[in-house]
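Chains as they are written, first to last, in the working numbering: chain Y, 1 to 321; chain H, 1001 to 1290.
Wrong hints could be hidden among the right ones.
[What the hints assert, rightly or not] Here are the simulated SDA-like cross-link-like pairs (lysine to any residue), alpha carbons at most 25 Å apart as the crow flies: (1) H:1095 x Y:169; (2) H:1095 x Y:241; (3) H:1095 x Y:284; (4) Y:81 x Y:169; (5) H:1095 x Y:301; (6) H:1095 x Y:197; (7) H:1095 x Y:196; (8) H:1086 x H:1168; (9) H:1095 x H:1067.
[Said to hold, decoys possible] A few chain Y positions that, by computed beta-carbon distances, are all more than 12 Å from chain H: (10) 7; (11) 18; (12) 86; (13) 111; (14) 139; (15) 154; (16) 172; (17) 175; (18) 176; (19) 195.
For the record, the hints were derived by calculation from the structure and aren't laboratory data.
Heads up, the beta-carbon is just placed ideally off N, CA and C, and yes, glycines get one too.
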Amino acid sequence: MIGDEDFRRHCVAAALLSAAILALVLSGYAGRDRLAEIAILAIFAMSLDVLVGFTGLVSLGHALFYGLGAYAMAAFATMLKLPAGLAIPLAVLVAALAAFLVGILAIRVRGVFFIMITLAFGQMGWAYFQRSRTFGGIGGLSGIGQPDLDAIGLSLANPADMALIAVVAAVLVYVALARVTASPFGRMLVAIHQNESRARALGLPVQSYKLAAFTLAGAVAGLAGVLAAERTNFVSPDLLVWTVSGEVLIMVIVGGLGTLVGPALGATIWVLLRDNLSALTPYWMLAMGLFFVAVVLFADEGLYGLTARIPWPKRRRPSDA
Amino acid sequence: MDIADLATQSLNGLQFAMLLFLLAVGLSVVFGLMNFVNLAHGTLYMVGAFVGFSVATRTGSYWAALAAGPVAAALLGAAFYFLLLKRMQAAGPMKQVLVTFGLIFVGIDAVRWIWGEDSQSILAPTAFGESVQFLGLVYPSYRLFIIALGLAVALLLHLGLERTRLGAVVRAGVDDPVTAASLGINVDLAFFGVFCLGCALAGLGGVVAAPVLQVYPGMDVAILIPTLIVVVVGGPGRLSGAFWGALLIGMADTFGKVLIPDFSSFVIYAVMALVLLLRPSGLLAARHGS
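For reference, chain H alone in the conformation it holds in the complex:
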């Protein structure tokens, strides 16, 4: 592997990492707030991608799809929150996990019903339709767009979380929800906001991924497992955990495919098992022993 290959693969790894980050961040922060994992998070990603596909087909505009996907995912997430999650808070996290597990199956078949079995795609916007040359590399500009978008979202979330009142509320909720609530903070409302934002980011991820990966029923499960691994590896509840976890898993997966193609699907699981054994609460855990 020469330097150019190394650089290309690093960019590929970074691009996959940013996609994983868009999905993992919502999942991770919701986990931190409620100690519950939404296994149907991938479904929102898939719905975002398919809604984006429909909008792109009708309007011919990638940018319209990029706006519609997150909105659709957030609306679906909000409906899910009010119809199921809110009513189940007393039932405990395990029951919530199981319900979202059942919804995976519902989601896949509902999408097959509405959009059919076929693999679809969204065309990359014309502004990013071609490859660019820099530093002696030829690299698709759309993938650079994904990297830039991911970094921008990470920066915005970081600023929002560290510099705004809402961010402080969310951080307080993650650190100690009982104390936060007793100080008069509406933890439920903060959770709802964060949940919808996380869903919107998953939908955004779906549209962003569509020109690179295929849009098909089952794409949710394909991305769900690496996303869950990112959340666990990074340590749930922290923005930085989702970011560094995504980077680690994105790179491990990409370089695994290049260096040991026969056992590439092995690599991310091995990384996760190793991290869990060395640090049972993830690399950057928000709370210990939860």
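Next up, chain Y with everything else stripped away, as it sits in the complex:
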């Protein structure tokens, strides 16, 4: 049985998906490419929401795993010539493993220190890829191998197909993360967020749960990175720089923490605002920054929180029957 809150969440998700399908059908080349970007960033933002919104760990280095997924995909597909069916899961595994290792160290500190240590690890990754000759240094790598999807009549070189795959992936990630966060495991993460000492006093292995959340978030961010590499056919250190981590944090907060669909909404708003505002003014980050500050100040639950004002139909509870 799902409650009113979940009902609203799934309704907003369905509305967002309908808009995506509409955009897929109606828009042209550029619009579909933008849709693919939105879907990929939505996956990225949802993965960060597991950390920030559910577990209460504010990371400013999440782009590390996004970039690692993309670079790992490039390495496996381009350098080692592995088939995509193998390269994609391996790339996600690399991101998950990296998140596990970074997580072991990072979860030892809390609060603002956690922000700083994740920032440090993210910037170390960025510095590495900037200098690495193997991975093309600042220029990055282009010509990422694209999986042969002729069998199902798709080609990733075609933005419509890329957008379709990215949207399907985003839906699958949403469903999977919604299930995980609603599971006992997910409730434990929320318990840690709300009162860590109490969770510890109840005998919860807090550190193991935090590490599991960090690893899960890293793996999903890695998947977003794989898709980003496929979409642009290009990887560069720009994928890992700290502003990318900052931007995805903005998407999560503007959309609505701890709701999954909120961050997806945030990613959508981010891309649309960026493209439309930057066409109007070169100073669009000023407007974006003020908008972000206003959301933090006045809209606790982000834009998703505003949907609570819609008069949703009340659902009958089993006990009412």
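Add chain H to chain Y, keeping to what the hints say.
Chain H alone, transformed into the frame defined by chain Y:
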């Protein structure tokens, strides 16, 4: 690397360390008082540098710029305090951090709007325009001026903090704000004073850095991250933490660039990660477990 190189690089490291100290000290003590990190601290440094640039261009005087930069940064900081920070105290530190994070983006574009995209510079004062020779070294005298200024500021702050009543109030506020307030100390007022002083020092850093580094939109982010690393490494809340942290990071960065140029940008992050793992509250933490 011979002795002369070592000495030159040590001076370079010291000079960068003093610049970092000017920025880190305000950030660190405010963190100690309020457990909140002002991510827009770099913005004040950038505004100080640009205001200094405008004043230097109009008046032709470096010293006028050196006075104007800190004043502009302090005024902006005070406005920021009254418009946002004071109203948000109940909201908790994380929300304050996020607001200042948003302000970084606002700051960069506002500066681009007012002063344009181009890199600018302020000329070093004529008194420090040339290099000096000492101990067989040739070294730019302006950089020595930065080192001297940084050390002087550190000494003044140390004396102010240890020997004055205001310093005692600030130390009490860092150690235990609740007890300090219950003893009748106006912690809020002390915080406001320290906050403005920290902003002024960031603005001072901006003007001081201008003849050596470029003045451009985005210079705030370039200095913000090493500054945050200094605060975390040194342990927030202590003047000595900001000083020794700045020295460690300034030296690590400078020698990293010389010894392992390929991975120089790696070094300060690695130092920070190491320090956090060995001492999760920084080398010289004011409060444990906060």
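Do the hints match the structure? See the list:
no.	hint	verdict
1	H:1095 x Y:169	violated, 32 Å
2	H:1095 x Y:241	holds, 23 Å
3	H:1095 x Y:284	holds, 23 Å
4	Y:81 x Y:169	holds, 24 Å
5	H:1095 x Y:301	holds, 12 Å
6	H:1095 x Y:197	holds, 21 Å
7	H:1095 x Y:196	holds, 19 Å
8	H:1086 x H:1168	holds, 23 Å
9	H:1095 x H:1067	violated, 33 Å
10	7	holds, 29 Å
11	18	holds, 31 Å
12	86	holds, 31 Å
13	111	violated, 8 Å
14	139	holds, 16 Å
15	154	holds, 38 Å
16	172	holds, 30 Å
17	175	holds, 29 Å
18	176	holds, 28 Å
19	195	holds, 14 Å
Checked against the numbered hints above, the structure violates hints 1, 9, 13; every other hint is satisfied.
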